[in-house]
Each structure stands twice: as structure tokens, then as C-alpha cells.
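Enquirer: Now for the letters of each chain:
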Amino acid sequence: MEKDIIYFFGNNEVMIKKLSAYFNKRNYTLKKYDLNQLDSVHYLLLIEPYSIQGNYFDIHRIFRNYFEKESSRHSKLKLLVAGFDTGCDCRNYLNLLDMPSNIDAFLLRAGVIREPWKIRPSNGDLIAQLDKFFMGHHRVSLFQRLNYLQFGITNIKDAIEGNIEGQNHETAWLNAADILRTEMDSFTNRWRNYSIYFECCPFHQPMKEVQKLMGHLRSYIFEQSDQSVFERYDCPRVVADIRKELVKMQEYVQY
Amino acid sequence: MYSTSKKAVLLVVDDEINFHKMLKFAFQGKYEIVSAQDMSTVAPLVKQKMVDLILLDLKLKKDTDFHAGLKRIVGLKKDYPNIPLLIVTNNGKTETIVTAMKNGADDFLYKGDFDRIKWQSKFEKHLKPLYLERENERLETQKAQLEATVNSLNSNHPFLGRSEKILKIKEELSFVATAEKNTTVLITGETGVGKEVAARYLHARGIRSHQPFVAVNLSTIQSTLVESTLFGHQKGAFTDAKSDRKGFFHQAEGGILFLDEIGDISLGMQVKLLRFIQDKTFRIVGSEKDITLDVQIVAATNKDLKKAIEEGTFRADFYQRLKVFPVHIPPLRKRREDIPEMIAHFMQIDESDLEKQVEKNTLYKLIHYRWEGNVRELKNTIEYMTIRKRLKKKEVLDLECLPDEIVQSPKPENFSNAESKFGALAHRERLALVDLQSIERTLQECLDRKGLAAAKLNTNADGLRYKVKKYYSNYPYLFEELDHIKRAYNI
Numbered sequence: 455m456e457k458d459i460i461y462f463f464g465n466n467e468v469m470i471k472k473l474s475a476y477f478n479k480r481n482y483t484l485k486k487y488d489l490n491q492l493d494s495v496h497y498l499l500l501i502e503p504y505s506i507q508g509n510y511f512d513i514h515r516i517f518r519n520y521f522e523k524e525s526s527r528h529s530k531l532k533l534l535v536a537g538f539d540t541g542c543d544c545r546n547y548l549n550l551l552d553m554p555s556n557i558d559a560f561l562l563r564a565g566v567i568r569e570p571w572k573i574r575p576s577n578g579d580l581i582a583q584l585d586k587f588f589m590g591h592h593r594v595s596l597f598q599r600l601n602y603l604q605f606g607i608t609n610i611k612d613a614i615e616g617n618i619e620g621q622n623h624e625t626a627w628l629n630a631a632d633i634l635r636t637e638m639d640s641f642t643n644r645w646r647n648y649s650i651y652f653e654c655c656p657f658h659q660p661m662k663e664v665q666k667l668m669g670h671l672r673s674y675i676f677e678q679s680d681q682s683v684f685e686r687y688d689c690p691r692v693v694a695d696i697r698k699e700l701v702k703m704q705e706y707v708q709y
Numbered sequence: 003m004y005s006t007s008k009k010a011v012l013l014v015v016d017d018e019i020n021f022h023k024m025l026k027f028a029f030q031g032k033y034e035i036v037s038a039q040d041m042s043t044v045a046p047l048v049k050q051k052m053v054d055l056i057l058l059d060l061k062l063k064k065d066t067d068f069h070a071g072l073k074r075i076v077g078l079k080k081d082y083p084n085i086p087l088l089i090v091t092n093n094g095k096t097e098t099i100v101t102a103m104k105n106g107a108d109d110f111l112y113k114g115d116f117d118r119i120k121w122q123s124k125f126e127k128h129l130k131p132l133y134l135e136r137e138n139e140r141l142e143t144q145k146a147q148l149e150a151t152v153n154s155l156n157s158n159h160p161f162l163g164r165s166e167k168i169l170k171i172k173e174e175l176s177f178v179a180t181a182e183k184n185t186t187v188l189i190t191g192e193t194g195v196g197k198e199v200a201a202r203y204l205h206a207r208g209i210r211s212h213q214p215f216v217a218v219n220l221s222t223i224q225s226t227l228v229e230s231t232l233f234g235h236q237k238g239a240f241t242d243a244k245s246d247r248k249g250f251f252h253q254a255e256g257g258i259l260f261l262d263e264i265g266d267i268s269l270g271m272q273v274k275l276l277r278f279i280q281d282k283t284f285r286i287v288g289s290e291k292d293i294t295l296d297v298q299i300v301a302a303t304n305k306d307l308k309k310a311i312e313e314g315t316f317r318a319d320f321y322q323r324l325k326v327f328p329v330h331i332p333p334l335r336k337r338r339e340d341i342p343e344m345i346a347h348f349m350q351i352d353e354s355d356l357e358k359q360v361e362k363n364t365l366y367k368l369i370h371y372r373w374e375g376n377v378r379e380l381k382n383t384i385e386y387m388t389i390r391k392r393l394k395k396k397e398v399l400d401l402e403c404l405p406d407e408i409v410q411s412p413k414p415e416n417f418s419n420a421e422s423k424f425g426a427l428a429h430r431e432r433l434a435l436v437d438l439q440s441i442e443r444t445l446q447e448c449l450d451r452k453g454l455a456a457a458k459l460n461t462n463a464d465g466l467r468y469k470v471k472k473y474y475s476n477y478p479y480l481f482e483e484l485d486h487i488k489r490a491y492n493i
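Read top to bottom, the protein sequences are chains A and B.
Using the numbering used here, the first residue of the first sequence is number 455, and each one after it goes up by one.
Using the numbering used here, the first residue of the second sequence is number 3, and each one after it goes up by one.
Some hints here could point you the wrong way.
As the list claims (entries may be wrong) - 27 Å max Cα-Cα, derived DSS-like pairs, lysine-lysine:
| hint | chain 1 | residue 1 | chain 2 | residue 2 |
| --- | --- | --- | --- | --- |
| 1 | B | K64 | A | K586 |
| 2 | B | K79 | B | K9 |
| 3 | A | K586 | B | K49 |
| 4 | A | K698 | B | K124 |
| 5 | B | K95 | A | K702 |
| 6 | B | K23 | A | K698 |
| 7 | B | K49 | B | K130 |
| 8 | B | K32 | A | K523 |
| 9 | A | K698 | B | K95 |
| 10 | B | K120 | B | K32 |
| 11 | B | K362 | B | K469 |
Hints were generated in silico from the structure; no laboratory data involved.
Just chain A, with the same shape it has in the complex:
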């Protein structure tokens, strides 16, 4: 963890260049932060707005939520935000239109992740967008979809284990197939539509895990719907793990 390295996360190349030149001139190196690693660092500079498909978003809220929850690993982290809000006087905010002459003093003054500091929103609300992913446009939440996947999979498991009078894998599958296919499609579609928003979030890892688990579930539901596949992938566990990861992700999507 080197104090003279400023890690950054953003996708505005012009600003990155400008900031890179600025920091180099002051003996600091600007280095891209890897969301797959989420290393412990001293400074993480978020460059706002973050552009997603032509829309501009504030991303600092999500990052702050994440690092606050994971503060034991990132206790020394100073989360900095660079942007164009000239009216923002937060000590962690770097006004790109009025860069500080003494960056050392700025870095020293900036608060660590657990200290109270607040940046007012100036771009699109990424949390609101991700909330739509979880809660749905028509208030049919992602968990509601998952509930029906769980109902179907649990019934199949109970039928296999002989817990439902006179039923087996085949009959349980026939009963649940339509529901599982419909709900899995809805779940996957929503996932695809929103996955782009997760690419700028610090919980990249759980997202990848969910993606992998979804693949297993889809294999059983759409490709080879027999008992051996159901048991090989341990489908009830897959559904439970997807829920676990999603619950973890949703915890960061809060105001």
C-alpha cells in the first residue's frame, strides 16, 4: 500500500488524462483500481459522472456503502470523488474545475471511510437504478421471481426424497416445468438488462458467482431436465446460494 499511488475508478478518458497529468506533476501516480481484486488502498478516487450507455451516474454512494460495510478490511481508505460540482464543499471532493494547488493538504484533510462526510448528488442515481433491478418496474421483485424458482425446485426435491405422496422427479418436474421456465426467463432477462450497471459496482464478485449459479440452473431447466442433473448441480443449494449472493448485493444498494 503505497501512499504516493492514487487509485482511480472511472470511464471518462479525458478526465483520467487530465487527472493523471495533475497527479504526476505532484509526484503521485494515478493507477486504475481493479474491482475484481478490491485491494486495500490508501486513496481511491472515483471519477464522476460515470457513463453507462450514454447516461451519467453518481457512483460514490454505492462505493461508500460497500466500503463502510467492509470497513474492517479498508479502515485506512480515503474515498475521494472527482467531479464538476463547483458548489460541493465536501473535504473528500475534488473539483475538476478548481483543482487544489496543494494536493498533499487535500489528501491529508480528506476523511477516511468511517468518518462523516457527504457529497450531494449531481448526476443520475445509480442506487435508484439498481433498486429497480431488485424491486422491478411493476413492483414484481427479483426475489419474487426467485421465490417461484425456489417453490418449484423445493417441490422437485421433496418429490425425489419421497416426501410428497405418490410423486417422483418426473411428476414434480412436469408440475413445475412451466413455472420454472417462465420464472427463469424473467429472472435471466432482468439480470441481462441490469448487469451493465453492476460493472461499475464494487460487488463484482458476488455478481459473477450469481452468473455461474444461474448457468447451472438454466442447464437443468432448459437443457437436461433429469434427476441426475438436478442432483449433480444440487439445484436447491444453487437457488439458496443465488438468494444469499443477491441479499448480500442488495445490502449495498441502500441510501
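Based on the hints, put chain B in the right spot on chain A.
Expert: Here is chain B on its own, set in the frame of chain A:
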């Protein structure tokens, strides 16, 4: 799950049709799942399906938030306070659940936590009082059925007979049953004549008919235990008295205690029973306290009590107290006209079908046998013959079904005139005559009122008229001495 013959009915109120489908599959064989996709069908379903538990989704399709669902809870609990109401939600927040519970919901379930066993245990928790209530109802029904069976058994042993002698006894018993509830009745007669049946007849017609009828055969109780069996005993009263025990007198409280074979009890016991008959008090064995109970005594014996008094084995004062209202039931051989009705009853057929079911000579033998064991022997014989009939694959009871002793029995001598006349008639005519004599007597009792007589004979006026006219067209000569019938039906 508690044992119950009927599956509990769960009403699921949820607009998500898949939820119904999944629950129906998961709980098939355990519960009957009834579906309502909106509130409009709830009331008719609750009524029609006798719903035992309601599962309500807190947020139905048109709801924008949980407020409507929370209001629905109040409404449902108001309409169905005794039906457990469980709310189901996809993602209800804690405060919503708390409000739901405050509004009357009995429990909650998260759809995301679906686990068949856990859900079932929640259902069972709330259905438990219902199962207990249902078990209670089942036991009550069983009890009622048993009581009905007992009554039916009693009615299967009705006081049969339409002979003059029996009709007179029935009349006297009916009178004493309603006239004086504490009259002690002594029924005498040979073994098997139906002394207990007569006592039950009295009980059924009296003001004690809704109270117990307890029958005790004193000859079957060890003499040293008669007192404690009848009066009860206290713990420690004698070696084997490990605990307090109430006797038959207590069991019969308010009703009738039928003491069969009263001639078999000891002189000491006679004194104690005499005391009870006199002042309605007795003492539990081992107690020094007198107990007063309201119990009517009906005693019976096949012994000659007068002879027993002479021999010193029966107390004269006790006899005098017992025979306040004496009833003597004559042996069956003295009232053969009752036999066809009895045979029909024991065969569980209509008396008018008797000639189709019993071959002529066989019926003759049955009517003329001595029947020393009386009605009981006749009943056993008919049971025996019915089994023989089945074994021999016969269509009717015939001589081959008869026990040997009846087949070989000599024709009785010294028939009365009536019996001779009866015996001389053809089989069909005999039955007609018995029936007509019964109608004649009934009309006489009813002062020729045909409707009343018909009711007494368990038919209606038209039915009785048809019967009489039919008999007249077939056997006009039988009507010679039947003045009441002739007058009533202008014959």
C-alpha cells in the same frame, strides 16, 4: 399431523396463480388447498368448503402498498374470528409484519423461506385447536353412535307379543311407568320369558326414560361381593378395596336398577335392600354415613318366592315390599299366538312374508314345540336355523333346518280349545287368524275407532281397511266371532 379423518382445508388468497399450483403440489395428501385469487370469492368459499385456515397474501395485484392488505386482515378476523389467519408475503418488512400481527393475523410466512416441513409445522400449530375440537366431536359422535347402538339393541329386543296376556301386561307396565315413579315392581316368570325386556319396556315408557337403566344379574355376583357391587365401597373397607368405588345404585341414580334373580341373594342383603326400598337410603361399604338416592327398583325372579319364604330363605317383609306391583309373564307355550310374530322378528322379516320364508310344516313344528327356555330358546333356535339355511343353501327355513329335538318332539297333548282350533287351521289361515285377533282386540281397546287402532298397530286407516277386506275375501269364515271388525268395516 394429528389423526383426523377429514383433511384440513386451507384457503389461499393470492393473485399469483403459480403460488396456488405450487402449494397444491407440495401439500397434496396433507391438506385440501382451496384457491381464491381475490377477496370476492373468499366468503362463499369459506362457507362452502368449511375452511380451517386462511393464507392471505399481504399484497394483491391492485395494491400499491401493504395498507389494503393490512385492512383486509381486520375484515377477515372480524368475519371469521375462529379461523387462523396467516399472512404470506414476498418481502414484507418487519414493521409491516408487526402491524399485520397487531391487526389480528395469527402468524406470517415469507414466500422466500419456503420449506415444506417448516410451513407444515406452522399450519399444524394453528390447526391444533381445530384437531382437538374435531377429535372431541368425533368422540361425541362415537358416543352418540354407541348410545344409538345401545338403544337400537334395546329396540331389537322389543317386548314382543300381541296375545291377550301380553297386551294386558304391557298395559299394566305402561300404567305403572307413568303413574308412580317409585313403585317397586316384581316381575316373575320362567327363565327366558323376557323379564328384563319387560323391565326395559317399563323404563322406556316412564318418566325415568331419559335416566339410566342399569341391569344387574345378582346370581352372577359372588355372594360376598353383592353388597359392595350394589352400594360401592370405600378404600380399605376390605382387603381388595384398593380405592373408593361407586356401586350400581350410584350408576342408576335417577333411573331404574333392575335386579335380576332377586331370589338368589342372602337374607342379610335382603335386609339392606329392604331398607333402601323403605326409605331410599343405604351405606357404602366401609362408610358410616347414610346416602340417599333416587332409584326405582324393578326386581325379577324365576323362583317361587312364596315357597322360599316357607323354606326360610326369603324374608316375608322384603317380599311384601317387592311385590307392590307384581307382574307375571306367562311361558311361551301358554301364548303360542305370539310365536309367528316373534319368528318374523328374529328373522328380521315382515310378518306377512313369514309363509314365504318358512315352510308350512316347519312353522307348525315351531308353533307347537314346548319352548321350555321360552323366548330366549326360540330366538336361539331361529338363529341356528338361519345359519343352517345358509349352510344348506336353502331358500326357506324347512324341516332340515330345525334342531333334531324339535323335529322329534311329540305333538303336545292337552291343547286348549283355542290352541286346538289354531292347530286345525291351515298355515295361511292360522297366520290370518292371529292377525285378525290382534286387530279385533285393538279395535275393542280403541272403542272401535279405526284410525286409533291403525296407529296402535303401526299402520294407517287405509292400510288396515285393505288388510281386513283382503282377509275377508280370502277367509270369510274366520270373521265369525270378530264382532268389532265386522262392525267397524261393515262386514
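Enquirer: Starting from K586(A), check that the Cα of K49(B) is at most 27 Å away, please.
Expert: Violated, at about 41 Å.
Enquirer: When you check the alpha-carbon spacing of K64(B) and K586(A), does it fall within 27 Å?
Expert: holds, 19 Å
Enquirer: With a cut-off of 27 Å on the C-alpha distance, tell me whether K32(B) and K523(A) pass.
Expert: violated, 45 Å
Enquirer: Need the status of pair K362(B), K469(B): alpha-carbon distance at most 27 Å?
Expert: holds, 22 Å
Enquirer: Need the status of pair K49(B), K130(B): alpha-carbon distance at most 27 Å?
Expert: At roughly 21 Å apart (the allowed maximum being 27 Å), K130(B) and K49(B) satisfy the hint.
Enquirer: So if I understand the rule, the pair passes when the alpha-carbon distance is 27 Å or less; does K79(B) with K9(B) pass?
Expert: Holds - the C-alpha atoms of K9(B) and K79(B) are around 23 Å apart, at most 27 Å.
Enquirer: Quick one, are K23(B) and K698(A) close enough, alpha carbons at most 27 Å?
Expert: holds, 26 Å
Enquirer: Within 27 Å, alpha carbon to alpha carbon, are K698(A) and K95(B)?
Expert: Holds, because 18 Å separates the two Cα atoms, which is no more than 27 Å.
Enquirer: Straight-line Cα separation of K120(B) and K32(B) no greater than 27 Å?
Expert: holds, 14 Å
Enquirer: Taken at face value, is the distance from the CA of K124(B) to the CA of K698(A) at most 27 Å?
Expert: holds, 24 Å
Enquirer: Mind checking the alpha carbons of K95(B) and K702(A) for me, to see if they're no more than 27 Å apart?
Expert: Measuring from Cα to Cα gives roughly 17 Å; hence the hint holds.
Hint compliance for this structure: hints 3, 8 are not met, and every other hint is.
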